[in-house]
Structure formats: C-alpha cells, structure tokens
Amino acid sequence: MSKFKNLTEKNMRFILKKMNNDIGKYGKPRELVSGVNEKIVKDILDDIGMSIETEDFSFIYSLYRMNPNYETEPIKIPELHTYEITTRRYATISVREYWKNTFKSYLEDEDDVQDFVGWFDNSDWWDGDMIDRDEYDEETTDTDIDEINKIS
Numbered sequence: 001m002s003k004f005k006n007l008t009e010k011n012m013r014f015i016l017k018k019m020n021n022d023i024g025k026y027g028k029p030r031e032l033v034s035g036v037n038e039k040i041v042k043d044i045l046d047d048i049g050m051s052i053e054t055e056d057f058s059f060i061y062s063l064y065r066m067n068p069n070y071e072t073e074p075i076k077i078p079e080l081h082t083y084e085i086t087t088r089r090y091a092t093i094s095v096r097e098y099w100k101n102t103f104k105s106y107l108e109d110e111d112d113v114q115d116f117v118g119w120f121d122n123s124d125w126w127d128g129d130m131i132d133r134d135e136y137d138e139e140t141t142d143t144d145i146d147e148i149n150k151i152s
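Mapping of the sequence shown onto the numbering used here: position 116 corresponds to residue 116, and the numbering continues sequentially without gaps.
The reader is advised that the hints may include incorrect statements.
Dumping the calculated DSS-like pairs for lysine-lysine here, alpha-carbon to alpha-carbon at most 30 Å [unchecked claim]: (1) Lys5 x Lys76; (2) Lys39 x Lys10; (3) Lys18 x Lys3; (4) Lys17 x Lys39; (5) Lys150 x Lys5; (6) Lys39 x Lys3; (7) Lys42 x Lys25.
Honestly, the hints are just simulated from the structure, not real lab data.
Let the hints inform the model, and build the full structure from the sequences given.
Here it is as structure tokens:
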C-alpha cells in the first residue's frame, strides 16, 4: 500500500495543484507516465520532504488522473489493483545439439567416412535422432507486453 494513501485531503490537494501547474508548464500532460513527469513529481515531493517509491508513483499518477476537478470536488482515492501481464520475449539462443544417424559405406577408415559424408552424402542431420541438447548462451533481443488483464 502506498504511504500517500493516508495523506490528508488538504495535502493531496496541494500535491495535485503543484502537479497540475508543473506538468502543465514543464511536463507532458498527455503522457503522464514519462521521465519528465517523474522528475516533476520527485521534485514536488522533495520540496515537502517526502520520498517516493515505485508503488507510490502508481498511486500519485492515479490520484492525478482520477481528480481533474480536485479544487471543487471531493478527492477520489485510488484503490490498489492486481494485473496479470503476459510478456512476449524475443531471444537469440545458442544451442549445441548432437544427432545420431546411420550411414552405410564400404569405407573402412572413420576419417575417410567423415570426408566422404562431407562431400557426397545428401542426407540431412535432422533425419536422425537428437541424442543431446545443450543451450549454452542466450540474449534477449526485445520484449513487448502482449496482454494485460485486470484481476482485481
């Protein structure tokens, strides 16, 4: 729970008034959750001797959105919700696999068979059976939020 939920209505109105003025003048009113607006909120709270955590930002932003008429109407207090977020991850994964195939040849020497298979064999390694797989490195190249569902 955000510590700001227990502020008096008078203190909430003061914060909302400062946010409305400063975001309107220096911030991004149409893009509430942004780096510029985050700094504005931090500065407002620093000026009154308060620190802010991630959950508190969520509360303050919601308070701001829910109370456009904070000067004339009672303050609406945001409730904490739970969301289920599905993230799509794109990654490059390095893998070492071992496949077993059978090959018939008249050659006696294994080195000769290896050379022969490299030059003449048209069979594909994936036609055999995978006998071992080792993922030894991976790198996330991108992530996207695929879906968000409100649980409560």
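request  = For the pair we were handed, Lys150 and Lys5, check the Cα-Cα distance against 30 Å.
outcome  = 21 Å, holds
task = Measure nothing beyond the straight line between the CA atoms of Lys5 and Lys76; if it is 30 Å or shorter, mark the hint as holding.
result = 11 Å, holds
ask   = Is Lys17 within 30 Å of Lys39, Cα to Cα?
value = 16 Å, holds
request  = Measure nothing beyond the straight line between the CA atoms of Lys39 and Lys10; if it is 30 Å or shorter, mark the hint as holding.
outcome  = Holds - the C-alpha atoms of Lys10 and Lys39 are around 23 Å apart, at most 30 Å.
key: 30 Å Cα cutoff - pair Lys39, Lys3   = Holds: Lys39 and Lys3 sit about 19 Å apart, inside 30 Å.
query = Has the given pair, Lys42 with Lys25, been kept, meaning a C-alpha gap of at most 30 Å?
reply = 16 Å, holds
ask   = CA of Lys18 to CA of Lys3, is that 30 Å or under?
value = With Cα atoms ~19 Å apart, Lys18 and Lys3 stay inside 30 Å; holds.
Of the numbered hints listed earlier, not one is contradicted by the structure.
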